[in-house]
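Enquirer: Protein chains in written order, with the UniProt record's numbering: chain A, 1 to 310; chain B, 1 to 310.
Quick caveat, the hints were computed from the structure, so don't treat them as lab data.
All C-beta atoms in this analysis are idealised placements derived from N, C-alpha and C, irrespective of residue type, glycine included.
Among the clues, some could well be false.
Derived Cβ-Cβ restraints for the label pairs, each shown as a range [unchecked claim]: (1) A/A172 x B/P34: 52 to 60 Å; (2) A/V275 x B/A92: 39 to 47 Å; (3) A/A243 x B/A92: 33 to 41 Å; (4) B/D102 x A/A230: 31 to 39 Å; (5) B/A57 x A/P265: 24 to 32 Å; (6) B/P53 x A/K267: 50 to 58 Å; (7) A/S300 x B/P34: 29 to 37 Å; (8) B/A230 x A/G49: 16 to 24 Å.
Number of protein chains: 2
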Amino acid sequence: MAEFDLIARIRQRVVLRDDVVLGIGDDGALLAPPPGQLLAVTMDTLNAGVHFPPETAPADIGWKALAVNLSDLAAMGAEPAWCTLSLTLPRADTAFVDGFCDGFLALAAQHGVALVGGDTTRGPLSVSITAHGFVPAGAALRRDGARIGDEVWISGTLGDAAGALRHWQAGAPMTPALRDRLDRPTPRVALGQALRGLASACIDISDGLLADLTHICRASGVGAEIDIDALPASDALRSAFDADVRRTLQATGGDDYELCFTVPPAKCPAVQALVAQLSLPLTPVGRIVPGTGVHCPGLSPGASGYQHFV
Amino acid sequence: MAEFDLIARIRQRVVLRDDVVLGIGDDGALLAPPPGQLLAVTMDTLNAGVHFPPETAPADIGWKALAVNLSDLAAMGAEPAWCTLSLTLPRADTAFVDGFCDGFLALAAQHGVALVGGDTTRGPLSVSITAHGFVPAGAALRRDGARIGDEVWISGTLGDAAGALRHWQAGAPMTPALRDRLDRPTPRVALGQALRGLASACIDISDGLLADLTHICRASGVGAEIDIDALPASDALRSAFDADVRRTLQATGGDDYELCFTVPPAKCPAVQALVAQLSLPLTPVGRIVPGTGVHCPGLSPGASGYQHFV
């Protein structure tokens with residue numbers, strides 16, 4: 001009966017919300033969506049050894065598994081509300097579950113997200129989460145709204161998570177500030193909602209700026225140019241890598257979970273005003289142009305991943 | 001870019017619904033829930049070698065992964081609408097994906113369920129699905145409504161899937177009729193909705209009748225008595241096993257995905273009338289009594305799993 005013990009351990013600790021009519025413990029959850037809003041739904045899975053190093057702390061796995069889903073809701077401009085969790089473990093391991101919950105539920109509490117159900121199964125370590133949020137009809141941020149002349153903006157800094165991963169892959173110690181970006185990404189939930197009515201298109205950067213911006217270009221039928229020297233970098237990244245490697249990490253490294261969004265010129269001052277309001281750097285890094293693909297002059301031609309995206 | 005090819009293959013074949021404002025291909029789906037109804041949400045994961053034999057046909061894996069989720073919605077009395085799919089594969093395997101889609105989308109089409117998003121990742125074969133359905137507020141079937149004096153009813157027949165699994169575990173050939181129950185369970189979706197206002201509690205039988213009825217008893221604060229000889233069996237099961245083994249399979253075998261539900265005596269004639277209406281056997285097999293746990297006199301004391309549930 002280990003499954004039921006694990007579920008009981010998780011159930012005790014979840015956020016409560018009035019719109020959860022029935023939560024964990026039945027065949028399904030019963031939820032009351034707010035009238036007049038659309039439901040935004042996203043689902044992401046993280047597998048040990050593929051999406052995180054196997055030795056990652058359980059609390060960091062819990063945090064990150066929810067963060068990548070909240071990041072998708074942020075990229076839609078949605079307000080997070082509910083999630084379900086499927087946790088696959090090699091064996092019933094209460095220490096792992098408690099640690100996992102520490103990270104998972106800390107982030108859930110920050111955003112008022114209720115865990116309303118899911119599944120625990122036996123198998124190789126894997127975490128699958130479905131997250132639900134609300135967004136007024138017509139206000140959602142999509143990938144297909146970028147127009148020629150729009151500016152391309154980025155939140156925060158890029159390349160930190162990929163820098164940590166590069167250290168890990170080389171067997172080198174990870175700089176703590178970089179490792180924290182890899183293990184505990186910050187989903188830009190407030191920014192996503194603030195960009196309703198301002199951004200013409202938006203995506204979160206999970207696979208790397210060039211790859212993810214390519215999705216916007218393809219969906220919108222446009223091209224983009226990126227100013228490699230405009231890409232924001234953290235001090236930690238500048239200290240850890242030479243300029244050439246750093247630029248590659250910024251342009252092609254994944255796992256940062258910053259937002260990449262396009263803004264019509266007339267709305268750029270309003271976006272600039274969000275910097276102070278949200279205490280979050282927002283940087284224009286390029287523009288939407290006629291054509292296809294993402295062009296990034298100055299990036300080393302051999303840079304990992306670069307050839308795939310243009 | 002194999003992930004995007006796989007997604008494109010799946011995307012071409014999904015059911016379309018008017019309430020899907022934005023489906024596969026953005027950071028998340030945008031969905032329009034019907035006003036005045038609750039959203040029922042359930043999530044189940046199937047792992048190769050744990051929930052199905054590794055050599056199971058891809059089409060059967062696709063069918064079953066959706067079926068177990070629709071079965072949970074059925075047990076809530078909900079009308080299925082949308083699902084998300086996370087498919088983890090050891091390698092990008094278009095033959096597997098096409099086969100998987102054959103089974104998955106055939107069942108989705110039967111119930112008008114739109115696949116609206118999800119994830120494809122690399123790792124050991126695993127399928128995680130989140131299914132969404134609608135149920136009018138107050139009409140949902142729950143586990144906590146059984147009352148002393150209610151009758152316990154079962155849909156269909158029990159033990160077939162466990163019989164097939166027993167053959168498989170013994171290395172014996174599986175009887176086709178039993179194997180079909182294991183590989184292609186039928187979620188009792190129409191029955192679940194028909195039981196709104198009739199059943200006082202409901203659960204689907206995934207872990208075995210005694211185990212699953214125990215959940216109803218625990219949630220409702222009651223006990224139950226089962227008449228072992230009243231449990232319905234298929235002709236295939238009767239031919240394949242002697243009476244003692246058969247009874248154990250019926251009472252404790254999982255994976256049948258029939259509904260177990262409790263009915264106040266005054267509503268039993270209306271339930272009986274559903275048999276003809278739905279062309280589905282429905283059988284009273286016991287009653288809700290004071291106390292705790294599920295009692296099943298006549299079941300072999302050493303029957304697998306029996307001792308856990310009383």
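Enquirer: Work down the list of hints and note, for each, if the structure agrees.
Expert: Hint-by-hint comparison with the structure:
Between A/A172 and B/P34 the Cβ separation comes to about 55 Å, which falls inside the hinted range of 52 to 60 Å. Taking 39 to 47 Å as the suggested C-beta distance range, the pair A/V275 and B/A92 conforms, at roughly 41 Å. The hinted range of 33 to 41 Å is satisfied by A/A243 and B/A92, whose Cβ atoms lie roughly 35 Å apart. In this structure the hint that B/D102 and A/A230 lie 31 to 39 Å apart at CB is violated, the actual value being about 48 Å.
At roughly 55 Å, the beta carbons of B/A57 and A/P265 sit outside the given window of 24 to 32 Å. Distance hint for B/P53 and A/K267: a CB-CB separation of about 56 Å, consistent with the stated range 50 to 58 Å. Checked against the hint of 29 to 37 Å, the C-beta distance between A/S300 and B/P34 comes to roughly 53 Å, which is inconsistent with it. For the pair B/A230 and A/G49, the supplied restraint of 16 to 24 Å is violated, since their beta-carbon distance comes to about 50 Å.
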